[in-house]
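The numbering of the sequence shown is the UniProt record's numbering, which starts it at 1 and goes up by one.
Derived from the structure by calculation, the hints contain no laboratory data. The reader is advised that the hints may include incorrect statements.
As the list claims (entries may be wrong) - 25 Å max Cα-Cα, derived BS3-like pairs, lysine-lysine:
id : residue 1 : residue 2
1  : 99        : 30
2  : 15        : 110
3  : 3         : 91
4  : 99        : 110
5  : 110       : 91
6  : 30        : 84
7  : 90        : 3
8  : 25        : 125
9  : 84        : 125
10 : 90        : 25
11 : 3         : 15
12 : 99        : 125
13 : 25        : 3
14 : 125       : 15
15 : 3         : 30
16 : 125       : 110
17 : 25        : 91
18 : 15        : 99
19 : 15        : 25
20 : 99        : 84
21 : 90        : 110
22 : 90        : 30
23 : 91        : 30
Unchecked claim - Using C-beta positions, here's what the derived DEER-type ranges look like:
id : residue 1 : residue 2 : range
24 : 153       : 89        : 52 to 62 Å
25 : 85        : 3         : 39 to 49 Å
26 : 125       : 46        : 16 to 26 Å
27 : 64        : 145       : 56 to 66 Å
28 : 12        : 136       : 53 to 63 Å
Each residue gets a CB set at the ideal place from its N, CA and C atoms; glycine is no exception.
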Amino acid sequence: HEKAGNEQFLTEISKWIFHERGHLKAVNVKHNLVGEADEPAMYRITDDLEYSVEIYEWSGSSWEPYVSDDVQVQFYMMSPYVLKTLSTDKKGVYSTSFKVPDVYGVFQFKLEYQRLGYTSLSLSKQIPVRPFRHNEYERFIPAAYPYYGAAFSM
């Protein structure tokens, strides 16, 4: 016999076991307000934010951009409030933007990625979300116009 029937299978499984194939890493995990570059210490309810991460796969000799269309991030507090699929630029950068929910507390950005044949990615970052301060509310609330009218009619 010139070649064993399982040679290719054993070669591929040994590459996977020794992290020569299917090994993923995430770098440059960032979140910020839309239009800003710095990562804030906390967010305010209803802020618009961006989340991005770079994911690479080890090809046996170098890190190559990992391309997939099913990477998701959760904005999580006890249960997911926001679950978004990240869009990719086909160069390893995944990103999305969303509005912070109208709930304040301590949230987490969670990225859990598990696929057959690849190492799993588990990323988590805590960030507090605060309510509006007393001077950040609208001056006049449109829903309260009937009450304003009633107050001035007296």
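Outcome of the hint check:
1. 99 / 30: The given pair, whose Cα atoms are some 16 Å apart, holds under the 25 Å limit.
2. 15 / 110: Outside the cut-off at roughly 29 Å; violated.
3. 3 / 91: 38 Å, violated
4. 99 / 110: Holds, because 16 Å separates the two Cα atoms, which is no more than 25 Å.
5. 110 / 91: 22 Å, holds
6. 30 / 84: The given pair, whose Cα atoms are some 15 Å apart, holds under the 25 Å limit.
7. 90 / 3: It is violated: about 38 Å lies between the C-alpha atoms, which goes past 25 Å.
8. 25 / 125: 16 Å, holds
9. 84 / 125: 16 Å, holds
10. 90 / 25: With a Cα-Cα distance of about 16 Å, the restraint between residue 90 and residue 25 holds, given a limit of 25 Å.
11. 3 / 15: Cα-Cα ~19 Å, so holds.
12. 99 / 125: 17 Å, holds
13. 25 / 3: Measuring from Cα to Cα gives roughly 35 Å; hence the hint is violated.
14. 125 / 15: 31 Å, violated
15. 3 / 30: Distance ~49 Å between residue 3 and residue 30 Cα, so the pair is violated.
16. 125 / 110: 7 Å, holds
17. 25 / 91: 14 Å, holds
18. 15 / 99: Measuring from Cα to Cα gives roughly 42 Å; hence the hint is violated.
19. 15 / 25: 16 Å, holds
20. 99 / 84: It holds: about 11 Å lies between the C-alpha atoms, which stays within 25 Å.
21. 90 / 110: 22 Å, holds
22. 90 / 30: Holds, at about 18 Å.
23. 91 / 30: 16 Å, holds
24. 153 / 89: 52 to 62 Å: 59 Å, holds
25. 85 / 3: 39 to 49 Å: Hint holds: Cβ distance 42 Å, inside 39 to 49 Å.
26. 125 / 46: 16 to 26 Å: 20 Å, holds
27. 64 / 145: 56 to 66 Å: Given about 59 Å between the Cβ atoms, the range holds.
28. 12 / 136: 53 to 63 Å: Check passed, 57 Å falls within 53 to 63 Å.
The structure fails hints 2, 3, 7, 13, 14, 15 and 18 (numbered hints given earlier, in ascending order).
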